[in-house]
Amino acid sequence: MRKIVALASAAIMTVTVSCPALAEFPEQPIRIVVSALPGGSPDILARIIGQHLSLKIGQSVIVENKSGGAGAIANEYVARAKPDGYTLLGTSDALGINVSFFPDQPDPTTSFTPVIQAMSSPQVLAVRSDIDVKSVDEYVERAKTDPGGQTISVPGVTTSGNLASLMLESQTGIDLNIAVYPSAAPAINDVLGQHIDSIFVTLGPALPQIQAGKLRAIAVTTPERTPALPDVPTFRELGLDGMTFTSWQGYFAPAGTPPEVVSKLNSAINEVLAEPEVQKQLLANAFDPAGGTPEQQGALLHDGIGFWADIVKKNNVKLEN
Amino acid sequence: MWDTGISGLLGGLLVAVEPINLFICFIGVVLGTLVGVLPGVGPVVTISLLLPLTFGMEPVTALIMLAGIYYGAQYGGSTTAILLKLPGETAAVLTCLDGNQLARNGRAGAALGMSAISSFVAGTIGTLAVVFFAPLLVSIALDFGPAENVSLMLLGLTAAVMVAQGPSLPAVGMLVAGILLGTIGTDTSTGIARYHFGIPELRDGVNFVVIAMGIYGFGEIIANLEEGLKQEKLPTARITNIYPTRDDFRRSWKAILRGSFIGSAVGFLPGLGTSAGAFAAYTVEKKVSAHPELFGTGVIEGVAAPEAANNAAAQTNFIPLLTLGLPSGAIMALMAGAMMIHGVVPGPAVMTTRPELFWGLIASMFVGNLMLLFLNLNLIRVWVKVLTIPYSILFPVIMLLCAIGIYSLNNSTFDILLAAFFGLVGYIFIKLKLEPAPLLMGFVLGPMLEENFRRTMTIARGDLTIFISKPISAGLLAATALTIFFSLVLPRLRRTRHRANFTNPKIEKTNA
Chain P
1 MRKIVALASA AIMTVTVSCP ALAEFPEQPI RIVVSALPGG SPDILARIIG
51 QHLSLKIGQS VIVENKSGGA GAIANEYVAR AKPDGYTLLG TSDALGINVS
101 FFPDQPDPTT SFTPVIQAMS SPQVLAVRSD IDVKSVDEYV ERAKTDPGGQ
151 TISVPGVTTS GNLASLMLES QTGIDLNIAV YPSAAPAIND VLGQHIDSIF
201 VTLGPALPQI QAGKLRAIAV TTPERTPALP DVPTFRELGL DGMTFTSWQG
251 YFAPAGTPPE VVSKLNSAIN EVLAEPEVQK QLLANAFDPA GGTPEQQGAL
301 LHDGIGFWAD IVKKNNVKLE N
Chain B
1001 MWDTGISGLL GGLLVAVEPI NLFICFIGVV LGTLVGVLPG VGPVVTISLL
1051 LPLTFGMEPV TALIMLAGIY YGAQYGGSTT AILLKLPGET AAVLTCLDGN
1101 QLARNGRAGA ALGMSAISSF VAGTIGTLAV VFFAPLLVSI ALDFGPAENV
1151 SLMLLGLTAA VMVAQGPSLP AVGMLVAGIL LGTIGTDTST GIARYHFGIP
1201 ELRDGVNFVV IAMGIYGFGE IIANLEEGLK QEKLPTARIT NIYPTRDDFR
1251 RSWKAILRGS FIGSAVGFLP GLGTSAGAFA AYTVEKKVSA HPELFGTGVI
1301 EGVAAPEAAN NAAAQTNFIP LLTLGLPSGA IMALMAGAMM IHGVVPGPAV
1351 MTTRPELFWG LIASMFVGNL MLLFLNLNLI RVWVKVLTIP YSILFPVIML
1401 LCAIGIYSLN NSTFDILLAA FFGLVGYIFI KLKLEPAPLL MGFVLGPMLE
1451 ENFRRTMTIA RGDLTIFISK PISAGLLAAT ALTIFFSLVL PRLRRTRHRA
1501 NFTNPKIEKT NA
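Taken in sequence, the protein lines are chains P and B. Those letters in the first sequence? Residues 1 to 321, by the working numbering. Those letters in the second sequence? Residues 1001 to 1512, by the working numbering.
Next comes chain P alone, as it looks inside the complex (with noise of 0.2 angstroms):
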């Protein structure tokens, strides 16, 4: 027992002391800050990248995980370190919905500043194989005979499944029934038990189902065709151009982190995203790997906002009574 704590005691230690910054970045390891649990989508996108920039860049790469309060808790602990590149906050399109849902937290654009996009990628909209619907025209005509019948999962309240869900009601007119889930696995899990219909949730967890045949992808909401379902239509193609968006993930640091360590990152990212090795591991999860500069990732960011906040209003979403 007084080894464990000893060695307990050793190991705090040990993640406490922490260099002074020098002038060459990076001097020390740069952890990146992810508001999900491990195995979560936002952590493995953070490890896959992080193995591999760490050998680029000569220092460890560290995620830490701080999931919580709708990504408060990472948000704002990053917000507050010390802007010098070593504190990144792997985030995503979430960052930009959670503005019109939580307006008491800092505000991304002016805390944070953009170092790059990672990946991208579609929401789907997918049926349950045994149901007789193959297009989003079916889609709308069976739920017009059974208005508010028609049950669709999405997995929670302000994620864009759930906002693109009553995207979908208003520019179709008809009147689905949505239920909503705390995560992707269960909302796949009620579909292929035929509890319920069908679906609208990133493509990563749900293509593997796709693939097997059990769910029948029917629309993306990228603006071009995803290469993973190649002959599954967009939403633009059909008609209906304001279901026009794509998800995605990328990483942020303090706002005031100076300009050349944000530089210095991005083009070390950008070198890792290229490799075919990266690439080859985030298609297997259905990331389409991004890059790009910060200021387009900046840009991102800013139009989300914008978008979300458009669709929040017009369908009078609300978390607080």
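Note that these hints are calculated values from the structure, not bench results. A portion of the hints provided could be inaccurate.
What the hints assert, rightly or not - With a straight-line cut-off of 16 angstroms between C-alpha atoms, the simulated EDC-like cross-links for lysine to aspartate or glutamate are: (1) P:Lys318 x P:Asp104; (2) P:Lys214 x B:Asp1143; (3) P:Lys264 x P:Glu27; (4) P:Lys56 x P:Glu271; (5) P:Lys214 x P:Asp130; (6) P:Lys318 x B:Asp1187.
Said to hold, decoys possible - Partial pick of chain B residues on the chain P-facing surface, computed with a CB cut under 10 angstroms: (7) Asp1187; (8) Thr1190; (9) Gly1191; (10) Pro1320; (11) Leu1324; (12) Pro1346.
To be verified - Pairwise CB distance ranges, derived in the manner of DEER restraints: (13) B:Val1176 x P:Arg80: 57 to 67 angstroms; (14) B:Phe1249 x P:Ser60: 45 to 55 angstroms; (15) B:Glu1356 x P:Asn316: 50 to 60 angstroms; (16) B:Gly1056 x P:Gln211: 24 to 34 angstroms.
Heads up, the beta-carbon is just placed ideally off N, CA and C, and yes, glycines get one too.
Use these hints to put chain B onto chain P, whose structure you have.
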């Protein structure tokens, strides 16, 4: 089904006994046992910490180690529950009830030994269930939609009240208190955070470990300190025998088999996992026992049954992940993440596209369980030594380890403060002689019941008849009604039958 099972398993064994895999499996189960013993440090934290270390390994080797940590922790979790009344996870709450009383009667060794043996038998049976019944079990799991879950949880909550001391008013009160604590946090259906008082940490609710450590661990320590350290050592320090006796086995083998069966049967249900199995097994054992009134005072079956259920469930818990790619809880989500990082996309295709991985992992579970049996039987001598450490040294160490464990859940100091608060609550419970098990069960099942009930109402558009028009749901509701009926009627019959001829000299001493 049988043919693929046997040939697949043989192929898997060849993978599992490769020297590197044997070695890594051993490392995994040893680590699992250790983190299971450390209060609050669970497999989730350990697996996430060690995940980066597996990057260089073959995917199957990595998964063998991570899985070993998971089911190894199920073995280790019972150790602190028995010795120190510190349940590190939901299922261990049940092991506490009789295990800790056994230890107080000087039979810590017997309780630990029975726990290891029943874990081994159940782990093996659970793995066999994965091999031969995975396709069948997963189709049953898919049949459990929101309505079926509601009925199942009603049955579970009913059973939880019975666990304590029959359907008593305090037990119902504790259950309701647990359900209310469970409402803290973000409501899935509406996204509204409830009872968070503006504290961001409370938006996600309270972690089970925080409440369990506080109420059981801290509460118990405060109560012991009140005694003014009169005794130099724990009451559990008097050890009469190290291993279970022949009589213990005679009394327990049926409980082990029933527990294994129940655990295997509920382990694959998403969300419920190991805890519901342990609760069900304990309740069933109490119901079929000839002396139900002795449960909670230190009967060996009361350790064997929940430990068996918990470990069988730990194995069948893998079924939804391995056959559908859908994780059934936090740990399985982590395993799914580990697979994805290693380039294996969890899904229905894994069994056919990566048979060496699928069967290698399953075969390693047999090997790992065998290692765990030997490891844990030998560790008993070490653990009982821990009990001879004087209070004044042991308690601060436990407090520190608990605090580290709680902090590791979410890297949050707020959780430690919250556990301190629940320590006071636990102390009050001890003073009022209230059994916290129903509270913890209400805490776990309450929010799931609410979430599923509201989801059922959404899907059925408010039509309550969905609960009786679906056959599985109707059957579970009937079972709930029967449980209530029998627990109200049967104990009265029993009490009159047994009062005359059954006395146990240890009862008075243990309640002191």
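Cross-check of the supplied hints:
1. P:Lys318 x P:Asp104: holds (14 angstroms)
2. P:Lys214 x B:Asp1143: holds (15 angstroms)
3. P:Lys264 x P:Glu27: holds (13 angstroms)
4. P:Lys56 x P:Glu271: Between Lys56 (chain P) and Glu271 (chain P) the Cα gap is close to 9 angstroms, so the pair holds against 16 angstroms.
5. P:Lys214 x P:Asp130: Distance ~8 angstroms between Lys214 (chain P) and Asp130 (chain P) Cα, so the pair holds.
6. P:Lys318 x B:Asp1187: Holds: Lys318 (chain P) and Asp1187 (chain B) sit about 13 angstroms apart, inside 16 angstroms.
7. Asp1187: holds (9 angstroms)
8. Thr1190: holds (6 angstroms)
9. Gly1191: holds (3 angstroms)
10. Pro1320: holds (7 angstroms)
11. Leu1324: For Leu1324 (chain B), the interface hint holds, since the closest Cβ of chain P sits about 7 angstroms away, which is under 10 angstroms.
12. Pro1346: holds (7 angstroms)
13. B:Val1176 x P:Arg80: 57 to 67 angstroms: Distance hint for Val1176 (chain B), Arg80 (chain P) is violated at roughly 39 angstroms.
14. B:Phe1249 x P:Ser60: 45 to 55 angstroms: The hint (45 to 55 angstroms, Cβ to Cβ) holds, given that Phe1249 (chain B) and Ser60 (chain P) are roughly 51 angstroms apart.
15. B:Glu1356 x P:Asn316: 50 to 60 angstroms: holds (53 angstroms)
16. B:Gly1056 x P:Gln211: 24 to 34 angstroms: holds (29 angstroms)
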